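Enquirer: Protein chains in written order, with UniProt numbering: chain B, 1 to 352; chain X, 1 to 336; chain E, 1 to 305.
No lab work stands behind these hints, which were simulated from the structure alone. Model, not experiment: these values are computed from the prediction. For each residue, glycine too, the CB sits at the ideal point set by N, CA and C. A hint or two may mislead.
Taking lysine-lysine and the DSS-like style, the derived pairs with C-alpha atoms no more than 27 angstroms apart in a straight line are [as the list claims (entries may be wrong)]:
| id | chain 1 | residue 1 | chain 2 | residue 2 |
| --- | --- | --- | --- | --- |
| 1 | E | 57 | B | 190 |
| 2 | E | 125 | B | 52 |
| 3 | E | 7 | E | 208 |
| 4 | X | 148 | E | 57 |
| 5 | X | 176 | E | 296 |
| 6 | X | 203 | E | 214 |
| 7 | X | 151 | E | 296 |
| 8 | X | 131 | E | 214 |
| 9 | E | 7 | B | 161 |
| 10 | B | 161 | B | 261 |
| 11 | E | 7 | X | 84 |
| 12 | X | 125 | E | 220 |
| 13 | E | 125 | X | 176 |
| 14 | X | 131 | E | 7 |
| 15 | X | 84 | E | 57 |
| 16 | E | 214 | X | 84 |
| 17 | E | 220 | B | 50 |
| 18 | X | 299 | X | 324 |
| 19 | X | 84 | X | 151 |
| 20 | X | 82 | E | 7 |
| 21 | E | 214 | X | 80 |
| 22 | X | 84 | X | 65 |
| 23 | X | 84 | E | 99 |
| 24 | X | 176 | X | 65 |
| 25 | E | 7 | X | 65 |
| 26 | E | 208 | X | 205 |
| 27 | X | 24 | X | 299 |
| 28 | X | 82 | E | 214 |
| 29 | X | 125 | X | 148 |
| 30 | E | 214 | X | 151 |
Some chain B residues near chain E, calculated using beta-carbon distances under 10 angstroms [claimed, not checked]:
| id | residue |
| --- | --- |
| 31 | 41 |
| 32 | 45 |
| 33 | 48 |
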Amino acid sequence: MEDIKFKKNPFSLQLNAEDFLPASSEDKAQLEVMRESTTYWKDAMQRLRKNKVAMAAMIVILFVLIFAFVIPNFYPYQYDQQVRGSEDLTPMQYSQSEIQKMEAGEKVFPHIFGTDKFGRDLGIRVMVGARISLLVGLIASALVLLIGSIYGAVAGYFGGKVDIIMMRIVDIIYSIPDILIIILLQVSLKEPLNALFASNPAFAGLQKVGVGLISIFITFSMLYWVGMARIVRGQVMSLKEQEFVTAAKALGASNGRIIQKHLIPNCIGTLIVTTTLQIPSAIFTEAFLSFLGLGVAAPMASLGSLASSAIDGITSYAYRLTIPAIVISLIILSFNLFGDGLRDAFDPKLKK
Amino acid sequence: MSSNCLLDIENLQVSFFTPAGEVKAVSGVSYTLDHGEVLGIVGESGSGKSVSAYTLMGIIADPGKVVGGTVEFNGHHIEKMKEKEFRKMRGSEVSIIFQDPMTSLNPVYTIGSQLTEMLRLHTDKSRAECKARAIELLGLVGMNEPEKRMKQYPHEFSGGMRQRVMIAMALACEPKLLIADEPTTALDVTIQAQILELMVELKKKINMSIILITHDLGVVSDVCDRIAVMYAGKIVEIGSTDDIFYNPKHCYTVGLLNSVPKIHEQGHERLIPIEGTTIDLLNPPAGCPFASRCSQCMKICLKQMPEFTEISPGHKSACWLLQKEQFEKAGEGNAQ
Amino acid sequence: MTNYVIKRIAYALLTIFLISVITFALMNMIPGGPFLSEKAVSPATTEAMKVKYGLDKPLYVQYGNYMNNLLHGDFGISLKQKGRTANDIITSTFPISAKLGGISIFIALFLGLTMGSVAALNRGKWADSLLMVISTLGIAVPSFVVATFLMMTFGVNLHWLPTMGLKTPLHYILPVATLSFYPMAYITRLMRSSMLDALNQDYIRTAKAKGVSKFSMLFKHALRNAIIPIITYVGPLLAYTVSGSFVVEKIFNIPGLGREFINCISGRDYPMVMSTTIFLAVLLVLMNVLVDICYKLVDPRIKLK
Numbered sequence: 001m002e003d004i005k006f007k008k009n010p011f012s013l014q015l016n017a018e019d020f021l022p023a024s025s026e027d028k029a030q031l032e033v034m035r036e037s038t039t040y041w042k043d044a045m046q047r048l049r050k051n052k053v054a055m056a057a058m059i060v061i062l063f064v065l066i067f068a069f070v071i072p073n074f075y076p077y078q079y080d081q082q083v084r085g086s087e088d089l090t091p092m093q094y095s096q097s098e099i100q101k102m103e104a105g106e107k108v109f110p111h112i113f114g115t116d117k118f119g120r121d122l123g124i125r126v127m128v129g130a131r132i133s134l135l136v137g138l139i140a141s142a143l144v145l146l147i148g149s150i151y152g153a154v155a156g157y158f159g160g161k162v163d164i165i166m167m168r169i170v171d172i173i174y175s176i177p178d179i180l181i182i183i184l185l186q187v188s189l190k191e192p193l194n195a196l197f198a199s200n201p202a203f204a205g206l207q208k209v210g211v212g213l214i215s216i217f218i219t220f221s222m223l224y225w226v227g228m229a230r231i232v233r234g235q236v237m238s239l240k241e242q243e244f245v246t247a248a249k250a251l252g253a254s255n256g257r258i259i260q261k262h263l264i265p266n267c268i269g270t271l272i273v274t275t276t277l278q279i280p281s282a283i284f285t286e287a288f289l290s291f292l293g294l295g296v297a298a299p300m301a302s303l304g305s306l307a308s309s310a311i312d313g314i315t316s317y318a319y320r321l322t323i324p325a326i327v328i329s330l331i332i333l334s335f336n337l338f339g340d341g342l343r344d345a346f347d348p349k350l351k352k
Numbered sequence: 001m002s003s004n005c006l007l008d009i010e011n012l013q014v015s016f017f018t019p020a021g022e023v024k025a026v027s028g029v030s031y032t033l034d035h036g037e038v039l040g041i042v043g044e045s046g047s048g049k050s051v052s053a054y055t056l057m058g059i060i061a062d063p064g065k066v067v068g069g070t071v072e073f074n075g076h077h078i079e080k081m082k083e084k085e086f087r088k089m090r091g092s093e094v095s096i097i098f099q100d101p102m103t104s105l106n107p108v109y110t111i112g113s114q115l116t117e118m119l120r121l122h123t124d125k126s127r128a129e130c131k132a133r134a135i136e137l138l139g140l141v142g143m144n145e146p147e148k149r150m151k152q153y154p155h156e157f158s159g160g161m162r163q164r165v166m167i168a169m170a171l172a173c174e175p176k177l178l179i180a181d182e183p184t185t186a187l188d189v190t191i192q193a194q195i196l197e198l199m200v201e202l203k204k205k206i207n208m209s210i211i212l213i214t215h216d217l218g219v220v221s222d223v224c225d226r227i228a229v230m231y232a233g234k235i236v237e238i239g240s241t242d243d244i245f246y247n248p249k250h251c252y253t254v255g256l257l258n259s260v261p262k263i264h265e266q267g268h269e270r271l272i273p274i275e276g277t278t279i280d281l282l283n284p285p286a287g288c289p290f291a292s293r294c295s296q297c298m299k300i301c302l303k304q305m306p307e308f309t310e311i312s313p314g315h316k317s318a319c320w321l322l323q324k325e326q327f328e329k330a331g332e333g334n335a336q
Numbered sequence: 001m002t003n004y005v006i007k008r009i010a011y012a013l014l015t016i017f018l019i020s021v022i023t024f025a026l027m028n029m030i031p032g033g034p035f036l037s038e039k040a041v042s043p044a045t046t047e048a049m050k051v052k053y054g055l056d057k058p059l060y061v062q063y064g065n066y067m068n069n070l071l072h073g074d075f076g077i078s079l080k081q082k083g084r085t086a087n088d089i090i091t092s093t094f095p096i097s098a099k100l101g102g103i104s105i106f107i108a109l110f111l112g113l114t115m116g117s118v119a120a121l122n123r124g125k126w127a128d129s130l131l132m133v134i135s136t137l138g139i140a141v142p143s144f145v146v147a148t149f150l151m152m153t154f155g156v157n158l159h160w161l162p163t164m165g166l167k168t169p170l171h172y173i174l175p176v177a178t179l180s181f182y183p184m185a186y187i188t189r190l191m192r193s194s195m196l197d198a199l200n201q202d203y204i205r206t207a208k209a210k211g212v213s214k215f216s217m218l219f220k221h222a223l224r225n226a227i228i229p230i231i232t233y234v235g236p237l238l239a240y241t242v243s244g245s246f247v248v249e250k251i252f253n254i255p256g257l258g259r260e261f262i263n264c265i266s267g268r269d270y271p272m273v274m275s276t277t278i279f280l281a282v283l284l285v286l287m288n289v290l291v292d293i294c295y296k297l298v299d300p301r302i303k304l305k
């Protein structure tokens, strides 16, 4: 046991009797390095801020939001405005009449992305298309969040027979092939909805949105919430076993209060992450449907329908597909990356 | 190194390189182990007791790295070994049992296939021989119907049974050293005793050495020849089991013993917990790591790490109180 | 096991029943019924047609008749393609879609599993970053964009590959590439995280301590565990391939069921839409049942009740 190093002469260290006096509690306190305590939220947000990819994605999202919701208000063209004589312009190209106008000293705003075959400015159409895509993503996710979390929380909280029946329903809806039902709904809801909108002036606003979009929302709120419901149920099931819920119950808190005050705040991270990741999925579906000609109705544009109508002239006007395609990919990509970042930030497993 | 020495660890340093900085999990640990000896390593979680032993198995989890020191096992320096040699050694000459038998077995393979894998890796036995030996091993660790057990999956076993399987697997090639990393922590109290008994019994049969890592002083007192007490990545006291239990010198060891209930003692003696929490290994203090929790803390303790003082042959402790005694003695000597 | 299979099939049947009801109800919501068309038809003819097809009866009787026919393998007739039954159309187009989809799923699985494992093993290195960039792009770019991009690049500009139809094996390259891109990217990401998860498990530590070689540790101990979550994705993957093939078949002009389905919708060929929906739905539901059963077989921990 010679292995343990033992300095034969400890007094080479220049010790004096002073050193062996008891240390005061102040001396000791200096050593107590307490790490700053942080709340779950603060901690998650801090991690999110450190995640460069997620922050970049967030900036892109903000940029796209401005692009889609703010700029169109100041833009000199309207999405459905057909400029005579300016058909099929390439990006930054001016038509004959526009050149004449410019020569006469008038200011003509350039068609940054060109125009389509009806003379509609593609720049504004892409912006409005992005707005529609974002709206679809946000509204559909909000519907999913609302329905899914309430359903899941109720099933998870009450458990037992209620849970079994509710989850069986979820299982069945889960195994319904969503795309087929969406397409079917699109087709069959079109005319009844149109009739409904025509009969009642209260729905005039909805008519502008178009039957296509309304059916997308209906489908999302009918089918897509099941994933969210499953996740929330799982969370609630594990949370309700925990002591603080038992404590709340012992203090006589009502079911509603427990759900509201204890369960939802604790699920919030999961809810945010799942909802964020639901957005690109909804945008994806809308683009797919619009591409097949089932989404928004002309003259309204969505990124999918812009891409779809670009297919016909693809060989000569490839940019008409490229621009909406890039915008849609950018939106989906940044929401996905931001969602991933949120998940990493909220996932306690990665907490060190 | 004496001829009877199996393992010699010198000034081992292991660090984890986390995003927050370098965490010095083990900072300068040295100990030896003789053939057939049982060494207990005691300490609270995070004291580096497992990490020091994992070095020997090459299973330090990412982002951990050995940053210094030497490990000599059975005459070979493992830091100089080639990967293939090292791999040959693991399992056959040193093997390990982990704390959690629930997760340490692969859930998608049968017990039999995981047991025979060990034999096929390290012996020249044929498939049939391996199977026969595996069945024999399962019998040896006290499983009934070992033939049937071979075909079952880990999830069909209870915690105690899984730990028996782990022991059977660890002992399959009759290793020279068994590292038992909290082998009983995850088990019921009644099963704990059975597993310990089984380990001691099998140790005698094949004359191996054991490093028993635990935070449970009750476990070490029964089984170990020697005990090393670790705190914050350092060994603070090492000695025979009797030295540690009846003549503890380091304040942490004393505190540790005071926080364990004693059955044989008369009357109601209150348990004395150790106040405070362990230090932040990201920014280890210059002095003794235990200083901030120590009731007898002196000024020097906060400034400088004490050296080991040998109390009796084989019993050493790193505490300034011991140095103080020597200092005072020397002072008296000078005065005379 | 048997009980589980029976239970699972019972659920599948319930789902199929539900889908058929939904489909039937939705088809009947369309004003004017299936005989609404651009051409003016005299009321008498419509009546006669209604009687002929049993559409004068109450809805539940109609549904009963329809289901009865379905169960006997009769999917009805097409309104637009005169003289062709839904059966004809399905049997002539479905094999094409199935072949295309099958090849795509195979390739997506093969590449996805490989790329995911490689990324996990090289975590944080350049190979991982590269694969993650590719797969992140893969789940962000809609299939119609991929399809047109591939078609423009390799078909129109470079003239390397044919872009229309499926006549030769060369014709398969672009549609298969498009169709497998998204699932490949998805599987890569899934495989990476599940492989990393598996590699962090205690049993991998045990394997290392046993002295198992790196190869065996990865391919024997980690892979088998990591692959379990992937199997759950194969069900939705089948569904995705179906929906993806709508786009791919439209763009590459492939005479498969997907293109047929889209044509039926835009041509308002409602009976065909209904038949195709039910056919595809039944197929997907049954495939999901199969995947579920496989899943239970691979993971011994799941008890079959």
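Enquirer: Each hint should be assessed against the structure and marked as holding or not.
Expert: Structure-based check of all given hints:
1. With a CA separation close to 25 angstroms, the supplied pair residue 57(E) and residue 190(B) stays within the 27 angstroms bound.
2. For the hint pairing residue 125(E) with residue 52(B), the CA-to-CA distance comes to about 17 angstroms; that is within 27 angstroms, so the pair holds.
3. Distance check on the hinted pair: residue 7(E) and residue 208(E) sit about 41 angstroms apart at the alpha-carbon level, beyond 27 angstroms; violated.
4. For a cut-off of 27 angstroms, the pair hint linking residue 148(X) to residue 57(E) is broken: about 64 angstroms separates their Cα positions.
5. Restraint check: the Cα-Cα separation between residue 176(X) and residue 296(E) comes to about 41 angstroms, which exceeds 27 angstroms; the hinted pair is violated.
6. Between residue 203(X) and residue 214(E) the alpha-carbon distance is near 30 angstroms, which puts this suggested pair outside the 27 angstroms criterion.
7. Of the pairs offered as hints, the one joining residue 151(X) and residue 296(E) holds, with about 18 angstroms between alpha carbons and a cut-off of 27 angstroms not exceeded.
8. Taking the CA atoms of residue 131(X) and residue 214(E), the gap is about 24 angstroms. The hint holds against a cut of 27 angstroms.
9. Among the hinted pairs, residue 7(E) with residue 161(B) is consistent with the structure: their alpha-carbon atoms are about 18 angstroms apart, no more than 27 angstroms.
10. The straight-line distance between the Cα atoms of residue 161(B) and residue 261(B) is roughly 25 angstroms, inside the 27 angstroms bound, and the hint therefore holds.
11. Our distance criterion of 27 angstroms between C-alpha atoms is broken by residue 7(E) and residue 84(X), whose separation comes to about 51 angstroms.
12. A threshold of 27 angstroms between alpha carbons decides the hint, and for residue 125(X) with residue 220(E) the separation of about 21 angstroms falls inside it, so the pair holds.
13. For a cut-off of 27 angstroms, the pair hint linking residue 125(E) to residue 176(X) is broken: about 38 angstroms separates their Cα positions.
14. A threshold of 27 angstroms between alpha carbons decides the hint, and for residue 131(X) with residue 7(E) the separation of about 38 angstroms lies outside it, so the pair is violated.
15. Under the criterion of a C-alpha separation no larger than 27 angstroms, the hint pairing residue 84(X) with residue 57(E) is inconsistent with the structure, at around 80 angstroms.
16. Among the hinted pairs, residue 214(E) with residue 84(X) is consistent with the structure: their alpha-carbon atoms are about 10 angstroms apart, no more than 27 angstroms.
17. Using a Cα cut-off of 27 angstroms, the hinted pair residue 220(E) and residue 50(B) is violated, with the two alpha carbons roughly 37 angstroms apart.
18. For the hint linking residue 299(X) to residue 324(X), the alpha-carbon distance of about 12 angstroms falls within 27 angstroms, and the restraint holds.
19. Restraint check for residue 84(X) and residue 151(X): the C-alpha separation of about 31 angstroms exceeds 27 angstroms, so the hint is violated.
20. At roughly 55 angstroms between alpha-carbon atoms, residue 82(X) and residue 7(E) are farther apart than 27 angstroms, so this suggested pair is violated.
21. With a CA separation close to 19 angstroms, the supplied pair residue 214(E) and residue 80(X) stays within the 27 angstroms bound.
22. For the hint pairing residue 84(X) with residue 65(X), the CA-to-CA distance comes to about 19 angstroms; that is within 27 angstroms, so the pair holds.
23. As the CA atoms of residue 84(X) and residue 99(E) are separated by approximately 47 angstroms, the hinted pair breaks the 27 angstroms bound.
24. For the suggested pair residue 176(X) and residue 65(X), the alpha carbons sit about 25 angstroms apart, so the restraint of at most 27 angstroms is met.
25. Only pairs whose Cα atoms come within 27 angstroms are accepted, and residue 7(E) paired with residue 65(X) is rejected, the gap being roughly 52 angstroms.
26. Among the hinted pairs, residue 208(E) with residue 205(X) is consistent with the structure: their alpha-carbon atoms are about 26 angstroms apart, no more than 27 angstroms.
27. Proximity of residue 24(X) to residue 299(X) is assessed by CA-CA distance (about 24 angstroms); at most 27 angstroms being required, the pair is judged to hold.
28. Restraint check: the Cα-Cα separation between residue 82(X) and residue 214(E) comes to about 14 angstroms, which is no more than 27 angstroms; the hinted pair holds.
29. Taking the CA atoms of residue 125(X) and residue 148(X), the gap is near 22 angstroms; set against the 27 angstroms cutoff, the hint holds.
30. Using a Cα cut-off of 27 angstroms, the hinted pair residue 214(E) and residue 151(X) holds, with the two alpha carbons roughly 26 angstroms apart.
31. Proximity of residue 41(B) to chain E is violated relative to the hint, the smallest CB-CB distance being about 25 angstroms (cut-off 10 angstroms).
32. Using the Cβ-Cβ criterion of 10 angstroms, the hint placing residue 45(B) at the interface with chain E is not satisfied: the shortest such distance is roughly 23 angstroms.
33. Hint status for residue 48(B): violated, given a least beta-carbon distance of 18 angstroms to chain E, over 10 angstroms.
Hints 3, 4, 5, 6, 11, 13, 14, 15, 17, 19, 20, 23, 25, 31, 32 and 33, counting from the list given before, are not met by this structure.
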